[in-house]
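S.K.: Residues per chain, in single letters:
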Amino acid sequence: MLNRDEDILQAAEAWQRAGHGVALATVVQTWGSAPRPAGSSLVINDDGTFLGSVSGGCVEGAVVTEALEVISSGQPKMLEFGVADETAWNVGLSCGGTIRVFVEKVG
Amino acid sequence: MKLETLAALNAERAARRPAIVVLDPANGEQRLVKASEIAADPLRAELSTQLRMGTSGMIEVGGRKLFLNVYAPTARLVIIGAVHISQALAPLARSLGYDVTVVDPRTAFASPERFPDVPLIAEWPDIALPPLNIDHYTAFAALTHDPKIDDPALLHAFERDCFYIGALGSRKTHASRGERLRAQGASDADIARIHAPIGLDIGAVSPSEIAVAIMAEITAQLRLPKVDVKVNAA
Chain A
16 MLNRDEDILQ
26 AAEAWQRAGH
36 GVALATVVQT
46 WGSAPRPAGS
56 SLVINDDGTF
66 LGSVSGGCVE
76 GAVVTEALEV
86 ISSGQPKMLE
96 FGVADETAWN
106 VGLSCGGTIR
116 VFVEKVG
Chain B
116 MKLETLAALN
126 AERAARRPAI
136 VVLDPANGEQ
146 RLVKASEIAA
156 DPLRAELSTQ
166 LRMGTSGMIE
176 VGGRKLFLNV
186 YAPTARLVII
196 GAVHISQALA
206 PLARSLGYDV
216 TVVDPRTAFA
226 SPERFPDVPL
236 IAEWPDIALP
246 PLNIDHYTAF
256 AALTHDPKID
266 DPALLHAFER
276 DCFYIGALGS
286 RKTHASRGER
296 LRAQGASDAD
306 IARIHAPIGL
316 DIGAVSPSEI
326 AVAIMAEITA
336 QLRLPKVDVK
346 VNAA
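Here the protein sequences come in this chain order: A and B.
Using the working numbering, you'd call the opening residue of the first sequence number 16 and step up by one each time.
Using the working numbering, you'd call the opening residue of the second sequence number 116 and step up by one each time.
It is worth saying that the hints were derived from the structure and are not from the lab.
Computed from a predicted structure; not experimentally measured.
Be aware that one or more of the hints could be misleading.
Selected chain B positions facing chain A (in silico; Cβ < 8 angstroms) [unchecked claim]:
#: 1; residue: Leu-118
#: 2; residue: Leu-121
#: 3; residue: Ser-171
#: 4; residue: Met-173
#: 5; residue: Thr-216
#: 6; residue: Thr-222
C-beta atoms are modelled at their ideal positions from N, C-alpha and C, and glycine is treated no differently.
Make the full structure from the sequences, and use the hints.
M.R.: Rendered as structure tokens:
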């Protein structure tokens, strides 16, 4: 009930209407002590400007990098971040949880 | 997400109507289900369960994994009484993510100098409250100590099924408030919904501490599993 995601979704819509490439990253699954619940989201535009969060700040940098790629390719991606997941990603969650983040282009 | 879907979702949110985005992560396909469309949706059981819990999550239907992203309206706090406690309560509630409105017909209290940046309505509750479209996603705090102002406001809060209703006043004050409200048609179940004395018992003394006690109680009401069963359930 209590979230301010509408502000970032409005920003995403405004960016898109202003001609920016925009991506939306959403936490779709969590295991263990994930910092933000499923449904938390982050919006990114092609300037690299982003609003919102999908973790406590641990993986946002990596999500933004992937999102920029999604903006140029147009292909959605599923990212997974976990503390033990060192092969696929070089960042992890210090809290010990695992999160799955869906990144898609808006438009 | 298609721009049309995003725009439609933003429109539902702006109108404070719940909506759910159903996403198939395997192929990126998604659709928006408005609250009014849930009853006719093939996933109605799953959608309504998820909406009731107010949480987003994965479900499995016929071997497909779907993500249901629940968008419930931003919680609001309506404060009756532009009093000293409200001056501390309004900014605290805003920092917790609530949209805050303060109502007080006494213009000496309801002044912008006392409440910078807070929407303030210097009207009686019967004029101020109906246009606010108070709903279940609203917490309601009656703080004037004046029955002429608090009582009609509380009756309105009962009607609109606010998720939290609190009123300032001692147990003795609250007992006489209950009698007055009953005389005006409130049920025992309505009166039982009022948190009074308002706020968690943390020994609060100053207006700021009372504000913390009130927001703690509202947070508990919002987040803890419901234990209180409605007495008047049909």
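S.K.: Hint by hint, say whether it matches the structure.
M.R.: Evaluated hints:
1. This hint holds: Leu-118/B has a C-beta 5 angstroms from the nearest C-beta of chain A, less than the 8 angstroms allowed.
2. For Leu-121/B, the interface hint holds, since its Cβ comes within 8 angstroms of a Cβ in chain A; the closest pair sits about 5 angstroms apart.
3. Taken as an interface hint, Ser-171/B checks out: its beta carbon lies about 3 angstroms from the nearest beta carbon of chain A, inside 8 angstroms.
4. A least Cβ separation of about 6 angstroms between Met-173/B and chain A falls short of the 8 angstroms threshold, and the interface hint therefore holds.
5. Interface restraint check for Thr-216/B: the shortest CB-CB distance to chain A comes to about 16 angstroms, outside 8 angstroms, so the restraint is violated.
6. Because the beta carbon of Thr-222/B sits about 32 angstroms from the nearest beta carbon in chain A, more than 8 angstroms, this interface hint is broken.
Hints 5, 6, counting from the list given before, are not met by this structure.
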